[in-house]
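Residue-level listing of the chains:
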Amino acid sequence: MDTIAAPAVGHPLASSASSEIVVAVRDLSKIYRQGEINVTALNNISLDIHKAEFLTLMGPSGSGKSTLLHIIAGIDRPTKGECHVQGVDVTRLNESQLADWRNQNVGFVFQTFNLIPVLTAFENVELPLLLTKLPSRRRKEQVKVALDLVGLSARGHHLPKQLSGGQEQRVAIARALVTDPSLIVADEPTGNLDSVSANEVLGILQALCRDAGKTVIMVTHDPKAAAFGTRSIHLEKGELVE
Amino acid sequence: MTTLGFIAKNALRNKRRAILSVGSVAASLFLFIILQVGVRELTLPVEDVGSASRVIARNRISLGQLLPAKQKPTIERIPGVEVVSPFTWFGGKFRGEEVMFAQFAVDPDAFLKISVDAHIPAEQAQAFTADRRACIVGKDTAAKYKLKVGDRMMIEGTYWPFDLELHVAGIYSGTPDDRNIFFNHKYLDEASGGGGQVGTWWIKVRSPEEVGPVTSAIDKAFMNTSAEVRAETERAFQLGFISMWGNIKTLISAISSVVVFTLILVSASTMSMAIRERFRELAVLKALGFRRRELFGFILAESFGLSALGAMLGVGGCWALLTFVPATTLTGNFFPTLEVTPRMLGLGSLVAAALGIISSLAPAISVARMSVVEGLKTLD
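Chains as they are written, first to last, in the working numbering: chain A, 1051 to 1292; chain B, 36 to 415.
Hints are computed from structural coordinates only; laboratory data are not their basis.
Using N, Cα and C, we set each Cβ at its ideal position, and we do this for glycine too.
Careful: at least some of the hints might be erroneous.
Mimicking DSS-like on lysine-lysine, the simulated pairs with C-alpha atoms at most 25 Å apart in a straight line are [claimed, not checked]:
1. A:K1287 - A:K1130
2. B:K128 - A:K1130
3. A:K1194 - A:K1211
4. B:K255 - B:K105
5. A:K1211 - A:K1190
6. B:K174 - B:K128
7. A:K1287 - B:K412
8. B:K107 - B:K284
9. A:K1211 - B:K412
10. B:K221 - B:K128
11. B:K183 - A:K1211
12. B:K174 - B:K148
13. B:K44 - A:K1194
14. B:K105 - B:K221
15. B:K107 - B:K221
16. B:K174 - A:K1183
17. A:K1190 - B:K50
18. A:K1211 - B:K50
19. A:K1274 - A:K1101
20. B:K179 - B:K128
21. B:K128 - B:K183
22. B:K128 - B:K181
23. A:K1274 - A:K1287
Which bits of chain A does chain B cover? Going by a derived footprint, with three or more residues having C-beta under 8 Å, they are [stated by the list, open to error]:
24. 1078–1084
25. 1140–1150
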């Protein structure tokens, strides 16, 4: 496992949330091959994200914000550059190591919730814990805590189709939280929600950041959603812009 | 929730498809096992306690060529030979219809000594030997045609150009095939206008160890005569009959292979479709930290589970049918020993296991190759 260098003091992108850097991206590029054409999704991005920061990534479609999020979360690989998350260069991990790392360190929240339709809310939240060696009783305790945090402890036995969109997304947040990861990545988590539900979800993410010290990275198009974050950065054509 | 519970919920998420998949596996394996039972039935040599020391001698040219009756004393003189009986197939109709039982003309006294497996009351055996028109009937045939001692039987000749009028002197049981009828060869000789010919010779040898030398001696005794013989053990003789079923056996084996192959295609297609529909979910599982081998395990277990359930219904159903339902009787005793053997149960289970594994391979490979991002994108 690689360790990262200390953050450069006075870096223009440094956050005031905490001095501890959780994510350090260095000279990151991602080039896709589409037929005969190379498409640059990310172009030499460097970025530090601090502990307990709620960072929002904004930008037009195709600007590379989701690609950046995916690489930081360890579900995509860059063409070049480094991405250190809590001291680990995720670009150097193999598939199996990455899977373990994601399970222990990253919580995912997707735009379309992506709950397993045949499992109840409780079972959906429990799913990542099946990979741990926790006994069943302990797993259940952790699931209850996670559902409590998102205010859905009474809905544990409901199937996703029996929940509203906002509730489904809160279950997804509980699933992201249940392994107690330090990093939560959310790809347009309010994109499919009405404004009331969106505010609830954003409020939960904000509270996780503020009260539980989680680092949250959220991709959004919505400036109102971005206002919930502690810092917002913009990407255009694969590059960071002021 | 347990991992097994998760797999079961996934396997049964589309209940109609799961039921149809299990049903198709069950029906195909049922058919597969029935075909195996059929092949075994057609090719199983009848074996009983006395068969090890019995020899059959037939015309070397073919079974259809008769042998001269005058060969009998020569055979009787061969060391090791205990008893000799003519054994001639009659092949007639009973009550105007083709029948499932064979009629053989024998020497009653010799027959009772050779066929040590046949249980028959002493007075009935005596009646059989005393009357030229007497016959003894296997208990299955007697039951089927409601025949009892003292009844008359008119057998209409189809191979021989005359009919037989027999009366039932006894009913025997205890042989591997209690369907046949045995009557006095002298009656056949009379009816055929003097006799002098037999179909085959049925010989009891003193001990199983002497069977080899006796068969060689019989062959040598009639070498370079107008009616050379081929003597062989009863089992070898029966296997010779079985070889006539060779093409049918090949045909049934080919049908069985097609059944299995088609089943694999159908199952593989169903599994691929089921997994294709869940690509996004599998991508999410990957994102949550599930590794390739765990996802492969889920897919394999799901496929294996459905196949196993199908096998339990198909193979188990076939076993139950042939064990608890009188299938032998339902086939009019045409198939006397219908049974699913442990080997067939094993073969059915093996096919089901292979089916489960092969069906899961293609979807498992495509899931392994899928990147999380592509998996999420494709279905978004």
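Here is what the structure says about each hint:
1. A:K1287 - A:K1130: 17 Å, holds
2. B:K128 - A:K1130: Cα-Cα ~90 Å, so violated.
3. A:K1194 - A:K1211: Distance ~20 Å between A:K1194 and A:K1211 Cα, so the pair holds.
4. B:K255 - B:K105: 16 Å, holds
5. A:K1211 - A:K1190: 22 Å, holds
6. B:K174 - B:K128: 18 Å, holds
7. A:K1287 - B:K412: 20 Å, holds
8. B:K107 - B:K284: Judged against 25 Å, a Cα distance of about 37 Å means the pair is violated.
9. A:K1211 - B:K412: Given that 25 Å is the threshold and the Cα spacing comes to 22 Å, the pair holds.
10. B:K221 - B:K128: 20 Å, holds
11. B:K183 - A:K1211: 73 Å, violated
12. B:K174 - B:K148: The given pair, whose Cα atoms are some 19 Å apart, holds under the 25 Å limit.
13. B:K44 - A:K1194: 22 Å, holds
14. B:K105 - B:K221: 14 Å, holds
15. B:K107 - B:K221: 14 Å, holds
16. B:K174 - A:K1183: 67 Å, violated
17. A:K1190 - B:K50: 28 Å, violated
18. A:K1211 - B:K50: Answer holds: A:K1211 to B:K50 is near 17 Å, not above 25 Å.
19. A:K1274 - A:K1101: Status holds; Cα separation ~23 Å.
20. B:K179 - B:K128: OK: B:K179 and B:K128 at ~15 Å, within 25 Å.
21. B:K128 - B:K183: Given that 25 Å is the threshold and the Cα spacing comes to 19 Å, the pair holds.
22. B:K128 - B:K181: Holds, at about 16 Å.
23. A:K1274 - A:K1287: Answer holds: A:K1274 to A:K1287 is near 23 Å, not above 25 Å.
24. 1078–1084: Our answer is that it is violated, as 0 residues pass the Cβ test (under 8 Å) against chain B, missing three.
25. 1140–1150: Result for this restraint: holds, n = 4.
The structure shown violates the earlier hints numbered 2, 8, 11, 16, 17 and 24.
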